[in-house]
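Assembling the complex is the task here: the two chains are given apart, and the hints tell you how they should meet.
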Amino acid sequence: MTAETITDNKLAHPELAAFEVHGITRASFMLRGALAAGAVYGTSAVAPFVSQALAQSGGGDAEILNFALTLEYLETAFYTVKGKQVGLSGQAKAYAKQFGMEEEQHVAALTGAVKELGGTPVKKPTFVFPVTDEQSFLALASVLENTGVGAYNGAAPSLKSKQILGVAGSIVQVEARHAAAIDLLIDKSPTPNGGFDLPLTKKQVLAKAGPLIKS
Amino acid sequence: MSQDTEQQEPVAQPAGIVERLVRDDVDRKRFLKAVGGAGAASFGAFVLAACGSSKSSSTASTAAVGTTARSGASTGDVAILNYALTLEYLESQFYKSVIAAGLFNGKVGALLKDFGSQEDEHVLALKGAVSKLGGTPAAKPQAKFPISNAAQVAQLAYTVENLGASAYLGQAGNIQSPEVLASALAIHSVEARHAATLGTLVKKSVTPNGAFALPADMSTVLAAVKPFIA
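Those protein sequences? They're chains V and U, same order as listed.
For the first sequence, this note's numbering begins at 1 and goes up steadily by one.
For the second sequence, this note's numbering begins at 1 and goes up steadily by one.
Bound conformation, chain U alone (with noise of 0.2 Å):
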């Protein structure tokens, strides 16, 4: 893609904390600590929650979900957009290995070529929205993904697109601009459709997490991430 061409190069002002954590394990360290255990500790309170039925068991819900959400609070919209974008990138470099790699025709190979097309667009609507909120939008990251066979690339597109779609739903709290996050809303629900549709293919559930789904911090995903990075 052409228009990425430029973000190859140093950006003149750094766009903000995703690309210290993503290139800086020192500073990534820190966050995490500073975030401490609280992302995981309240994804278990949702697990159990989200097991019963009972009045009670929604309340424990919905506290951790605002718990989680805010446990990854202090950023910004710019910020949290450029998160996004860094994680757009990563996919979008995904698709196109898989793709460039012919390990799949057909109808699975159409639908990923489609859901490589989707994270493109993803990507040049959060660049958009970045530069609109007056921000610099992150660098494209230098993916590297491991692409041996269709068996375990399905494996992987299948994690990496559950990864997104918490992502997402980790930062939906965090937004503040209601035009940023039904923009992000969107893009969360069809990282959803793509991590269902892989589902299937991998003959896992659709629905990993049962009827709610888990959000993810920044740091758990950025860590999770970390390894496809060059």
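The following block holds chain V by itself, in its conformation from the complex (with noise of 0.2 Å):
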């Protein structure tokens, strides 16, 4: 194990520990030594997840914060505008309705505090999405929500501020429950991670998220 890889096969996801890892102190490498070695005492749980969010590459605040804005915008649109495109109807109607006015909501929240870090918010994408009725339109949004909790999980821990943290954070207990939701309703398990959700890093939600974004 050098300090730059996790090649520790212990791991119970060997496939996502060979993050590098930068920027860390010796200390904090060596815990995560300690928690993978805790594999072994049953606790492989917990090993993969933290170098795969350690494997965030800084960026700041700001733009950290820049990213989860271009995912809302993103989700805002997919709900209230894709949304009433397809014509949902039921559950799928009342689910996009309420979960576009939070993504909307986050919207706001994540643009507010871009500028009080004194940064400049990006501006709204536009957006393509391959959905033509309920059930693709489910479909899209299981992968959204459930990329949105990856993302946010991935990046809090480089968030410097607390107050950010705090507020990811709120954010990203929502769109875990908002993933939840539309599992259900489409008969998927509400925690496809089991008992651990995996964070994503920025070039794995991007990976996901940028063939919708156009522009």
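Source of the hints: derived by calculation from the structure; they are not laboratory data.
Backbone N, C-alpha and C fix where the C-beta goes; we use that ideal spot for every residue, glycine too.
Be careful, since some hints might not be right.
[Claimed, not checked] Below, computed lysine-lysine pairings styled on BS3-like, alpha-carbon distance capped at 27 Å:
| hint | chain 1 | residue 1 | chain 2 | residue 2 |
| --- | --- | --- | --- | --- |
| 1 | U | 204 | V | 93 |
| 2 | V | 188 | U | 203 |
| 3 | U | 113 | V | 188 |
| 4 | V | 160 | V | 214 |
| 5 | V | 82 | U | 204 |
| 6 | V | 203 | V | 82 |
| 7 | V | 162 | V | 115 |
| 8 | U | 96 | V | 93 |
| 9 | V | 84 | V | 97 |
| 10 | V | 97 | V | 188 |
| 11 | V | 97 | U | 203 |
| 12 | V | 84 | U | 203 |
| 13 | U | 144 | V | 188 |
| 14 | V | 203 | V | 214 |
| 15 | U | 96 | V | 97 |
| 16 | V | 93 | V | 203 |
| 17 | V | 84 | U | 96 |
| 18 | V | 160 | V | 202 |
| 19 | U | 96 | V | 188 |
| 20 | V | 188 | U | 204 |
[As the list claims (entries may be wrong)] Footprint (simulated), chain V over chain U, 3 or more residues, beta carbon under 8 Å:
| hint | region |
| --- | --- |
| 21 | 184-192 |
| 22 | 210-219 |
[What the hints assert, rightly or not] From chain V, some residues computed to sit far from chain U (all C-beta separations above 12 Å):
| hint | residue |
| --- | --- |
| 23 | 63 |
| 24 | 123 |
| 25 | 126 |
| 26 | 129 |
| 27 | 135 |
| 28 | 180 |
| 29 | 213 |
Below you can see the structure in the form of structure tokens.
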């Protein structure tokens, strides 16, 4: 095991652990090593997530918030614009309306937070959503909400400000609730990652959300 | 669970403030007094802030969360992990009682079984994390949850999971180690998923606080779970 990569083959998901880790102290690295060793004693669940979360490449709070803001713009457009075009019914329609309003509030809060940090909020991108009916709409909703959870969980440990962290935590909890509600509606597990949600790196998030961003 | 048996015995050295708060009512009251009404006040501010969408409202919301998080400070990661461990022990025992009572079957029964196993995984992970940090894992509290019928149990489960989610959220800003924070976040969103699932079961909102989930500080949560500890 080197300071650059985690290759402990005792990890539950070794394929997730080989992420580069930058800018962490020797002490925290040693702690992570200790947590990885905990795999033997039944804490295997913790280690891979930790190493992945730490793989975030910094960038400062405003940059992290702007990334989150892009995702919230995407979710808002998806629910409020695409949701209406598709013609939803019943519970799907009710969720799209409720969740759309909540994502809109996330957009407003993140925009304000970026400004407070002295940054410039990203402009609202334009999106393209490859959905045609309720079924494909809900399938993409599941992907977006679960990706949102992973994105916040992955980025949060890199936030410098405890206040911003509190806001991010408050939002990610709501994204997780959305994800579970949508997954239940389409007969999927509300806990797709089991007992521990997987943090995602920016690159992993972009792989899922990127194709939906037109400009 | 056999690995929990050892935790029933008295621990050689006190594992931290959580155990004292859980066991000692006087200590808990003193702690509540010290913390004061800061938590409640900032919850209110946060709710108000979350209702608006102007720039100033987001200012209020960030400040409120920061204040709430700070009000539970002075503990350290081991104490926070032991606090979470105490809550997970209770949740784990809750689901065991529910499953043993056989009140649910089919899809709901399977979900509750899954949730119970996930709480068990949280217990193991938190115990491991406390040990790795050089701390002594909190002793397993003896839970006593009222289990009478399916409707009452579903409602209680909804309450318990929402409390759990708000407890994790309340500690996020107090955690020092990024590794511990990442682990807590990985658990936090799973508790949120549980809470939302139970919300659909009891026909209540999956997002009871709207767009911004509310944190709860340690004293509030410990007071709320006190009736469920034998």
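Hint-by-hint comparison with the structure:
| no. | hint | result |
| --- | --- | --- |
| 1 | U:204 / V:93 | 17 Å, holds |
| 2 | V:188 / U:203 | 19 Å, holds |
| 3 | U:113 / V:188 | 16 Å, holds |
| 4 | V:160 / V:214 | 31 Å, violated |
| 5 | V:82 / U:204 | 26 Å, holds |
| 6 | V:203 / V:82 | 25 Å, holds |
| 7 | V:162 / V:115 | 17 Å, holds |
| 8 | U:96 / V:93 | 36 Å, violated |
| 9 | V:84 / V:97 | 9 Å, holds |
| 10 | V:97 / V:188 | 21 Å, holds |
| 11 | V:97 / U:203 | 17 Å, holds |
| 12 | V:84 / U:203 | 24 Å, holds |
| 13 | U:144 / V:188 | 32 Å, violated |
| 14 | V:203 / V:214 | 17 Å, holds |
| 15 | U:96 / V:97 | 36 Å, violated |
| 16 | V:93 / V:203 | 31 Å, violated |
| 17 | V:84 / U:96 | 43 Å, violated |
| 18 | V:160 / V:202 | 17 Å, holds |
| 19 | U:96 / V:188 | 23 Å, holds |
| 20 | V:188 / U:204 | 20 Å, holds |
| 21 | 184-192 | holds (count 7) |
| 22 | 210-219 | holds (count 6) |
| 23 | 63 | 17 Å, holds |
| 24 | 123 | 16 Å, holds |
| 25 | 126 | 22 Å, holds |
| 26 | 129 | 21 Å, holds |
| 27 | 135 | 19 Å, holds |
| 28 | 180 | 4 Å, violated |
| 29 | 213 | 23 Å, holds |
Of the numbered hints given earlier, the model fails hints 4, 8, 13, 15, 16, 17, 28; all others are met.
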